[in-house]
Each structure stands twice: as structure tokens, then as C-alpha cells.
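Build the full structure now, drawing on both the sequences and the hints.
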Amino acid sequence: DTGVSQDPRHKITKRGQNVTFRCDPISEHNRLYWYRQTLGQGPEFLTYFQNEAQLEKSRLLSDRFSAERPKGSFSTLEIQRTEQGDSAMYLCASSKFGQGGNTEAFFGQGTRLTVV
Amino acid sequence: DQQVKQNSPSLSVQEGRISILNCDYTNSMFDYFLWYKKYPAEGPTFLISISSIKDKNEDGRFTVFLNKSAKHLSLHIVPSQPGDSAVYFCAASRGRAGSYQLTFGKGTKLSVIP
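If you read the sequences in order, they're chains S and E. Taking the working numbering, I'd label the letters of the first sequence as residues 193 to 308. Taking the working numbering, I'd label the letters of the second sequence as residues 255 to 368.
Hints are computed from structural coordinates only; laboratory data are not their basis. Source: prediction; values computed, not measured. The C-beta atom is built at its ideal place from N, Cα and C for all residues, glycine as well. A portion of the hints provided could be inaccurate.
Calculated pairs, DSS-like style, for lysine-lysine (alpha carbon to alpha carbon, straight line, at most 27 Å) [stated by the list, open to error]: (1) E:259 - E:310; (2) E:363 - E:310; (3) E:259 - E:363; (4) E:322 - E:308; (5) E:360 - E:310; (6) E:360 - S:203; (7) E:325 - E:310; (8) S:203 - S:249; (9) E:360 - S:249; (10) E:259 - E:325; (11) E:259 - S:249; (12) E:363 - E:325; (13) E:308 - E:259; (14) E:308 - E:360; (15) E:308 - S:288; (16) E:325 - E:308; (17) S:203 - E:308; (18) S:288 - E:360.
Calculated Cβ distances over 10 Å to all of chain E for the following chain S residues [as the list claims (entries may be wrong)]: (19) 196; (20) 212; (21) 220; (22) 223; (23) 243; (24) 245; (25) 257; (26) 266; (27) 272; (28) 277; (29) 278; (30) 306; (31) 307; (32) 308.
Next up, the structure:
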């Protein structure tokens, strides 16, 4: 399977705990995005990387959230001191940016986080 | 403030007929528009896109129309098939060569009845 891969698919955690999600993009894609989707809403942009550089962060990304893409390949999204309001589907997407512009973003299946 | 609006939460269509999904946007800086389809427990799947320099883009059974003056776009599916039943998201971005930060609508759930 050469699509965007996310791990885990589901995570249940207690309020106050830290969680980390992983995303493996399509191998030739240099851009990687994180989105969050809550019930009844469309995905909301959180942040994106071009190679290993984090180029943009949404106001939605509070100080408790941190994302990394250390080698320009896979990325991790960590949420510290989780709150019930963090319960959502966390989606990763990737695209290829080059001289011709940016390809469409391809999404992974998401990680569903439930904070109890 | 919702910059991309899909005012119909759901739509039911008979198999073989046309499905028309609508989307309105408020930000005049948006110049690239996409439609994604989402099945339950899966991530969104890219369907079709259109640049603001065009007013129509067609791909098989799917056609997207853009009316810039009305800030409105629509997705036509002809003929509709039961496998098209899914949630459809309209998305917009500023510049295809830019950051590609997508702003999504809330989605329209399409049910195609056999």
C-alpha cells in the first residue's frame, strides 16, 4: 500500500495523559499536513511541513500540541495533558510541491482520539 | 465565521439520476477549489478540482462548475450510483502553488437509492 498511513487508528486516553500519533506520507511527497475533524464538521487545518520545516501553524494548535517531521519523511503529532475537547479524528495528508505547483492532498485514514 | 459553506447536510437521489451538491464561499482570496469524498471510518478521498481561471472541469461522471461572481460552486454526478453514497466535502485554498491550507465545508451526505 503506497498511500498515507496513520498509526494508531484509534486511541482512548484518560484526561491529562499525553498521546502521540504517527503519519507516514506517500514516499515522494515533500509536503505533509495535519488536520483535525470533529463530529459534524469538515476537517480543520492544524499545521504543515515542507520536508522537515514546519511552515505554517493554525491558531487551533495550542501550546499543548507539537508536531515534528525530523527527517522530512514521517511525522508525529503529540498532544500533552489531553482534554476532553481534544477528542476528534486527526487526519494526516501529503502532497508533492515542485516547479509545477502543488498536487492535490491525499489523506490517510485518520487516528480517532477519545479522551475520557 | 465559516468561509466555506455547504448548506445541505444531506441529499437523497435515485440511482441513475443526477446528483447536484452545492458549495458557497465568502473569501474572495480563494482561487482553487476541490471536492473530496469520505466514507465512514476512512480519510477523505480527492475527487475533482477546479482553478478560479476556469468555470468548468469534467472527469468522467463528475463535473464541477464554478461561478466566481456568485462565489458558488457545484458538483454534478451523472449518473448517480449506489457506490457514490458518501459524505462530500467542498474545500478551498489560496493559490495552488501556495501553502495549500484547505478550508473545508461541513459536508453533504449523499445517499443514492437503488
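The hints, checked one at a time:
Annotation: proposed proximity of residue 259 (chain E) to residue 310 (chain E) holds, straight-line Cα distance about 20 Å (limit 27 Å). Distance check on the hinted pair: residue 363 (chain E) and residue 310 (chain E) sit about 23 Å apart at the alpha-carbon level, within 27 Å; holds. Taking the CA atoms of residue 259 (chain E) and residue 363 (chain E), the gap is near 14 Å; set against the 27 Å cutoff, the hint holds. With a C-alpha separation of about 9 Å, the suggested pairing of residue 322 (chain E) with residue 308 (chain E) holds against the 27 Å cut-off.
Taking the CA atoms of residue 360 (chain E) and residue 310 (chain E), the gap is near 23 Å; set against the 27 Å cutoff, the hint holds. At most 27 Å may separate the alpha-carbon atoms for a hinted pair to count; residue 360 (chain E) and residue 203 (chain S) meet this at roughly 24 Å. Distance hint between residue 325 (chain E) and residue 310 (chain E) is fulfilled; the C-alpha atoms sit about 14 Å from each other, no more than 27 Å. As the CA atoms of residue 203 (chain S) and residue 249 (chain S) are separated by approximately 24 Å, the hinted pair is consistent with the 27 Å bound.
Restraint check for residue 360 (chain E) and residue 249 (chain S): the C-alpha separation of about 21 Å stays at or below 27 Å, so the hint holds. For a cut-off of 27 Å, the pair hint linking residue 259 (chain E) to residue 325 (chain E) stands: about 11 Å separates their Cα positions. Between residue 259 (chain E) and residue 249 (chain S) the CA atoms are separated by roughly 23 Å; this keeps the pair inside 27 Å, and the hint holds. Distance hint between residue 363 (chain E) and residue 325 (chain E) is fulfilled; the C-alpha atoms sit about 22 Å from each other, no more than 27 Å.
Our distance criterion of 27 Å between C-alpha atoms is met by residue 308 (chain E) and residue 259 (chain E), whose separation comes to about 21 Å. Annotation: proposed proximity of residue 308 (chain E) to residue 360 (chain E) holds, straight-line Cα distance about 24 Å (limit 27 Å). A C-alpha spacing of about 23 Å is found between residue 308 (chain E) and residue 288 (chain S), which places the hinted pair at or below 27 Å, so the restraint holds. With a C-alpha separation of about 13 Å, the suggested pairing of residue 325 (chain E) with residue 308 (chain E) holds against the 27 Å cut-off.
A distance of roughly 43 Å separates the Cα atoms of residue 203 (chain S) and residue 308 (chain E); the hinted pair therefore is violated under the 27 Å criterion. The suggested pairing of residue 288 (chain S) with residue 360 (chain E) holds, with an alpha-carbon distance near 26 Å, which does not exceed 27 Å. Non-interface status of residue 196 (chain S) relative to chain E is broken: a Cβ of that chain comes within 10 Å, the nearest being about 7 Å off. No Cβ of chain E approaches the Cβ of residue 212 (chain S) within 10 Å, the least distance being about 19 Å, so the stated non-interface status holds.
Against chain E, the non-interface label of residue 220 (chain S) holds: every CB pair exceeds 10 Å, the least being about 16 Å. A beta-carbon of chain E comes within 10 Å of the beta-carbon of residue 223 (chain S); the shortest separation is about 7 Å. With a minimum CB-CB distance of about 14 Å to chain E, residue 243 (chain S) clears the 10 Å threshold, and the non-interface call stands. Listed as outside the interface, residue 245 (chain S) is consistent with that label: its C-beta sits roughly 12 Å from the nearest C-beta of chain E, beyond the 10 Å cut-off.
The claim that residue 257 (chain S) is not at the interface with chain E holds, since no C-beta of that chain comes within 10 Å of its own (minimum 16 Å). Every CB of chain E is more than 10 Å from the CB of residue 266 (chain S) (nearest about 16 Å), matching its label as outside the interface. The beta carbon of residue 272 (chain S) sits about 24 Å from the closest Cβ of chain E, which is more than 10 Å, so the claim that it is off the interface holds. Chain E leaves residue 277 (chain S) outside its interface by the beta-carbon criterion, the shortest separation being 18 Å against a cut-off of 10 Å.
The claim that residue 278 (chain S) lies off the interface holds: its Cβ sits roughly 19 Å from the closest Cβ of chain E, which is beyond the 10 Å cut-off. Non-interface status of residue 306 (chain S) relative to chain E is upheld: no Cβ of that chain comes within 10 Å, the nearest being about 14 Å off. For residue 307 (chain S), the condition that its CB be more than 10 Å from all CB atoms of chain E holds, with the nearest at approximately 19 Å. The Cβ of residue 308 (chain S) lies farther than 10 Å from every Cβ of chain E, with a closest approach of about 20 Å, so its non-interface assignment holds.
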